[in-house]
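Trainee: Start from the sequences and build out the full structure, keeping to the hints where you can.
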Amino acid sequence: MSSFMAVAFLLALLAPSVVVNGHMMMTNPAPRSSKTNPGPNNFIDYSYTAPLGTFPCKGYAPQASVKTVQAGSSLAVTVSGGATHGGGHCFFSLSYDGQTFVTLESIIRTCLAGPAGDFSFSVPIPSSAPAGKATFAWSWINAIGNREYYMNCADITIENPAGGGGALAGPKLFVANLPGYPQIGEFPNAGQDDGRALIAQVPTISVAGSGAPAAPAPPVLPVQVPVPVSSVPMAPSTTSAAVVGAEPTTVATPAPVSIPAATPDPALPIPPAPVPVPTLASPPPIPTPPTVPDAVPTFAIPVPVPPVRFPRPPRWPRNGHKGSVDYPVPNYPPMPTPRRGRPSTKPRNVPASSSKTVNTRCIDGEFRCADRGTKIGECFRNQITFLAVPPGTKCSTKATGSAILVWA
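Residue numbers for the sequence shown, in mature numbering (1 follows the signal peptide of the UniProt record, and there is no 0): -22 to -1, 1 to 386.
You may find that some hints are simply not true.
Claimed, not checked - Have a look at the derived ranges for each label pair, beta carbon to beta carbon:
# : residue 1 : residue 2 : range
1 : S51       : A377      : 24 to 32 Å
2 : K334      : Q48       : 54 to 62 Å
3 : Q48       : R359      : 44 to 52 Å
4 : R359      : I183      : 42 to 50 Å
5 : S106      : T32       : 45 to 53 Å
If you're looking for bench data, these hints aren't it; they were derived computationally from the structure.
Don't be surprised by glycine CBs; every beta carbon is placed ideally from N, CA and C.
Mentor: What follows is the structure in structure tokens.
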């Protein structure tokens, strides 16, 4: 029992380093299913600094917007963690459908180069970015260590006084070191092949805004009733002006006649002014038959993808802390009781040590599995000391790409 408790206590001490100092993550804006922005049912990914498992966005579905930014301004971004892996390439991108990402800014080779901690960035949001809800993503290809790809996504809202339509154009997000994508090796030293030639070959794409207006339906045209343009000849008045004194006789100009919009009788003469023109009643309107469009437009309704939920690693007991888990005690065989008299010289059946140390090339702080998931160990100065996992658990890298404890 003492051996088991020692292993549990050691793993409890190592657990915070896995979550907090394992790698790097975007902390502002708050990503999906993180400690500061829990997912559906208050789900929290406690291994958020681990490399990407499901592309894109770790497989997490969109959530409520956590930040609003104006098109043409900049978005403040913070990346934090305890293992910079020699820096590498960073990409900041934007998507309106959650699948196709346009790169807003790229930092090649020098991103996150320096001591571990908080790294701040100011990412420009193009003035052409359509208004509406969007997915902002930070991606990272580390320079040293396991060949991995990191990606965190946050939901933001973009405001654009120009409107919600249009599209955003730019380089397509570069993805590497995942199945089906290019593989980039380590590049710890300057001058080594770091994949920048592949990055320069990405095509330029455009993504439509989520606030773009839908395609208009076919217009319904009413039946047009022809209304003839007034072409009634204007008969000149034959009435002469009165003769005053010796002034010459002049012919008066006929007054303008107002013709109603109704269908007039062409044979009806226009009397001279000031005789009024009789008003004709308008014919009853002809009913317009309903018009059915030739084709009814269809719209693809996106089906929300439920987040991929991995089992949380067990919480180890900490000196009787309230809420700790009591794990079963291994049922060791009883120790034989020596007979009275001379002490027995035969060796007792003592369980062998469950730990072993292996010399290998590794990175300080890196965790690995051994013996088919029955042991877990942490690297320190190219040595890994493996310890047996608690009963009911196993060591696995399938969930996040890094060694973690899961329920067996």
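Trainee: Run the structure past the numbered hints and jot down the numbers of the failing ones, going up.
Mentor: When the structure is compared with the hints, numbers 1, 5 turn out to be violated.
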